[in-house]
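Participant: Sequence:
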Amino acid sequence: MNTARPASVPTYTSLDTEHFLSFLFGKQSTHGLANGLLDEGTWRRYRGKVLRELRRYIDANVVCTDAIHRQRIDIALTKIEEAEGIREPLLREQAFVAGLVELCLVLLGGMPDHWERRVVNKAHHRRLDRQRTLTYAQSPEQRAHLIFDACQSGFLPGMDRGAAPDVWDRYWAGVRQKDPAGFVRWFRRTHPERFAALVG
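For reference, each letter of the sequence shown is one residue, going 29 to 228 in our numbering.
If you are wondering where the hints come from, they were derived from the structure by calculation, not from laboratory data.
Where hints are given, some of them may not hold.
No farther apart than 30 Å at their CA atoms in a straight line, the calculated lysine-lysine pairs in the DSS-like style are these [claimed, not checked]:
1. Lys107 - Lys150
2. Lys107 - Lys77
3. Lys55 - Lys77
Using the sequences plus the hints, can you model the full thing?
Facilitator: What follows is the structure in structure tokens.
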């Protein structure tokens, strides 16, 4: 008997792209765009807009790194932007995928170089920390927002406004009093299991 799970069928539609664009640009300018995105010209226009916005997001969020890293990020972004001009669809898609993956790897620390390696499937080959290490830091305010967003989105079940109004009241009090650290301490003390599930 074959117990292998059937391969899942991709269910991505142009509506998913519309939702992505709405998160990026706001629903006022993208609502009802799904069908239009199937038109090559419309999609080309939005694709260029997305890529320009990507550069702005990177400029705004990569705030503390070295000059070589900034240069490599810029090179990867330029490759993606230049893929726009490739006329042959398959080559254009390859250039986009290669450029986006390169950008992700560079943002994680650096582009791997396995050119001369005979074996490349060892775990340490995937460490990208030779020149720098990616570390996420959270201020008390960011952690307070994380807890609130996790409750609001349902990531922490049973913590919505109806089930846990004290969390919501304490959060807003902390925001008003400019004491996010106090809210985080209270949440950690009152809901230790949920705090651990969220922040480790």
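Participant: With reference to the structure, classify each hint as holding or not holding.
Facilitator: A quick look at each hint next to the structure:
no.	hint	result
1	Lys107 - Lys150	holds (28 Å)
2	Lys107 - Lys77	holds (16 Å)
3	Lys55 - Lys77	holds (15 Å)
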